[in-house]
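Chemist: Produce the complete structure using the sequences and hints provided.
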Amino acid sequence: MKRLILALVVAAGVAMLASTARAQCSGTDFNSVRDSILAACPCTGNHGQYVSCLTRAVRDAVRNNQLDVRCKGKVVRCGARSTCGHKSGFVTCSQCVPGTCNTDTSLCDDGVTTCTDSTQCPQVVNHCSTKSTADHCTALGGVVGSGSCCNATCTPQ
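Residue numbers for the sequence shown follow the numbering used here, beginning at 2 and rising by one.
For the record, the hints were derived by calculation from the structure and aren't laboratory data.
Just so you know, not all the hints are guaranteed correct.
As the list claims (entries may be wrong) - Straight-line alpha carbon distances no greater than 25 Å define the calculated BS3-like cross-link-like pairs of lysine-lysine that follow:
(1) Lys75 x Lys132
(2) Lys88 x Lys75
(3) Lys132 x Lys88
Said to hold, decoys possible - Using C-beta positions, here's what the derived DEER-type ranges look like:
(4) Thr114 x Thr45: 33 to 43 Å
(5) His137 x Val98: 19 to 29 Å
(6) Asp118 x Gly49: 38 to 48 Å
(7) His128 x Lys88: 19 to 29 Å
(8) Arg57 x Gly148: 16 to 26 Å
(9) Thr56 x Ser33: 18 to 28 Å
(10) Asp105 x Gly74: 40 to 50 Å
The C-beta atom is built at its ideal place from N, Cα and C for all residues, glycine as well.
Modeler: See the structure below:
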């Protein structure tokens with residue numbers, strides 16, 4: 002019984018830490034640091050070189066206390082899902098789903114739009130990836146974008 006209680010306490014603690022890590026890896030400060038890291042690497046050469054540069058820049062940002070260590074993966078994944086270093090014609094492709102209204106806060110998923118029900122909410126990005134052509138993205142029902150999936154939207158660019 003004591004082992005079961007201990008296991009439940011440990012599981013609750015891990016869930017709380019995971020929740021805290023997600024909360025720290027968003028917002029204006031995080032986006033600013035993320036964008037400066039992405040800008041530090043040249044968007045030329047090949048995609049692998051770009052992602053390697055990001056990995057080094059993220060490591061430096063963590064070492065210099067500019068980025069929480071738990072946010073490293075989010076920044077690297079963000080750059081990995083970008084058109085940097087890919088051949089000409091590559092695009093980001095957002096798969097969008099209808100937004101929902103949080104009736105407790107009267108805000109849509111985007112955190113900005115006020116609502117009383119979900120019909121008032123804009124679509125939100127469910128998934129974003131890169132595609133070799135805009136036609137490939139639209140054939141999949143996606144919304145074409147450029148740059149990185151970090152700033153993906155459901156509005157065509």
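Chemist: So, against the hints stated earlier in the document, which numbers end up violated here?
Modeler: 10
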